[in-house]
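Engineer: Protein chains in written order, with this note's numbering: chain A, 203 to 428; chain B, 2 to 206.
Derived by calculation from the structure, the hints in this document are not laboratory data. Check the hints yourself; a few may be wrong.
Unchecked claim - To list a few chain B residues with every Cβ distance to chain A over 12 Å, as calculated:
#1 Gln-38
#2 Gly-61
#3 Ser-118
#4 Ile-130
#5 Leu-198
Stated by the list, open to error - Quick list of in silico lysine to aspartate or glutamate cross-link-like pairs, EDC-like style, CA-CA up to 20 Å:
#6 A:Lys-336 to B:Glu-178
#7 A:Lys-357 to A:Glu-377
#8 A:Lys-414 to A:Glu-266
#9 A:Lys-298 to B:Asp-105
#10 A:Lys-378 to A:Glu-406
#11 A:Lys-378 to A:Glu-342
Unchecked claim - If you want the footprint, here are the derived chain B segments under chain A, 3+ residues with CB under 8 Å:
#12 66–76
#13 142–150
By construction, the Cβ of each residue, glycine as well, lies at the ideal position given by its N, Cα and C atoms.
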Amino acid sequence: MALLELNNISMLQGDFELQVPQLTLQRGQLYVLRGENGSGKSTLLRLLALLQQPQRGEICFAGEPIAWRAERLQALRQKITLLDQNPFLFAGSVEKNLAFGLKLRGIHGDRLRQKIDQALAVVGLSGFQKRRAKELSGGESRRVALARALCLQPKLLLLDEPTANLDIGQVGVLEKFLVSLPQQGMTVVIASHDSGQAERIGGEVVQMARGKLIDAPAVTPELKVV
Amino acid sequence: MTVWTSLYTSSTAIVIAGFLGVPVGLWLGLSQFRGRQLLITLLNTLMALPTVVVGLLLFGLFSRQGPLGPLGLLFTPWAMICGQVVLATPIVANLVLTAVSGADNRIINTALTLGASRFQAAHQLLREIRFGVMAAVIAGFGRVIAEVGVAMMLGGNIRNSTRTMTTAIALETSKGEFAFGLALGIVLLTVALLVNLGLNVLQQR
């Protein structure tokens with residue numbers, strides 16, 4: 203079933219134009235977004251995260267065209283989480299960072315703590331709850347940001363170069379974990395300029411070049427019918 | 002009593018100016034619209050408003066024949082508070098705007114992608130730049146506690162009612178009581194120092 207569909211998208215950002223003729227992301231599927239630096243991968247991820255409205259074209263979420271109205275957008279964004287290439291951690295503790303999105307979803311108390319503990323364990327940072335976010339190393343910050351995205355259990359998880367600046371050992375563990383997410387029904391898009399990574403983790407390839415989506419998995423008619 | 006009047010009017014004025022100025026600075030810093038630059042220029046101009054001009058304009062509004070005359074505010078602490086709000090709000094708004102402009106541009110998008118509404122994201126941004134917001138409030142407070150024009154013209158320097166430390170200094174000096182004026186000046190400086198120390202402690206937390 204299609205989770206997100208993009209049709210005839212054109213989005214201008216200064217001199218840069220992002221063009222997506224057609225892209226369909228299926229539920230519970232892993233996608234690898236490939237392309238050189240500056241090819242528009244991050245811009246496409248921001249568009250998929252509904253952080254920017256395209257000038258032209260249509261985006262459908264679960265078959266429904268998106269109306270760019272504030273109250274509707276927030277509900278949709280709570281189902282999509284983007285992990286930036288250079289993630290920002292809020293001031294305060296690691297726990298506070300993870301609690302931010304959970305509290306917005308009405309999760310408090312023991313359940314909140316449990317989710318935070320689980321997410322930190324997944325990224326290998328158990329016991330980091332009280333550490334100050336701004337005092338973490340680059341690699342630790344990225345992993346906290348990943349845990350912050352994972353604990354929200356979004357329907358669509360968008361990851362921009364998630365393994366950049368991580369140790370080789372951590373990369374392997376993380377890739378294995380990311381590959382397991384679609385089996386739980388999550389749609390995952392990983393932007394990567396590392397062709398080796400794309401081969402290791404498999405998944406459908408979405409190829410970008412000079413701002414244009416040039417190759418995406420074909421959508422069979424059976425799959426398009428919701 | 003003069004110390005209390007100074008503190009009471011300036012503190013009330015800065016609280017009101019904070020409630021007005023912080024949202025204006027935040028809004029100007031986050032939105033893009035036609036005329037935004039013009040508004041910012043206007044705000045910069047208002048920052049340099051001479052206190053006597055504010056006093057004069059509000060005197061016209063509050064005087065018996067003025068549009069707000071029936072409220073009977075002239076020569077009361079509330080008239081002084083109104084004048085000080087006019088003085089402090091542009092400073093607070095402008096410094097908050099500067100803090101927003103200098104903030105990391107990933108804050109809003111991070112909050113949005115974690116599921117916040119635009120309002121919640123702006124609130125999170127405010128938390129991230131709280132030092133800048135506090136500095137804006139401190140600067141606004143410094144402006145109003147040290148001013149004399151508004152306090153003199155709208156308060157009237159009435160003993161035990163609207164006499165502040167600055168108007169008392171002006172009065173004592175004009176009476177030839179230079180030493181007493183100087184002593185009051187030292188008290189004013191000490192009060193300003195204590196308030197700023199208090200705000201700094203808050204900022205460190």
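Engineer: Take the hints in turn and mark each one as holding or not.
Structural biologist: A quick look at each hint next to the structure:
no., hint, verdict
1, Gln-38, "holds, 19 Å"
2, Gly-61, "holds, 42 Å"
3, Ser-118, "violated, 5 Å"
4, Ile-130, "violated, 10 Å"
5, Leu-198, "holds, 23 Å"
6, A:Lys-336 to B:Glu-178, "violated, 55 Å"
7, A:Lys-357 to A:Glu-377, "holds, 19 Å"
8, A:Lys-414 to A:Glu-266, "violated, 24 Å"
9, A:Lys-298 to B:Asp-105, "holds, 19 Å"
10, A:Lys-378 to A:Glu-406, "holds, 16 Å"
11, A:Lys-378 to A:Glu-342, "holds, 18 Å"
12, 66–76, "violated (count 0)"
13, 142–150, "violated (count 0)"
Against the hints set out earlier in the document, violations occur for numbers 3, 4, 6, 8, 12, 13.
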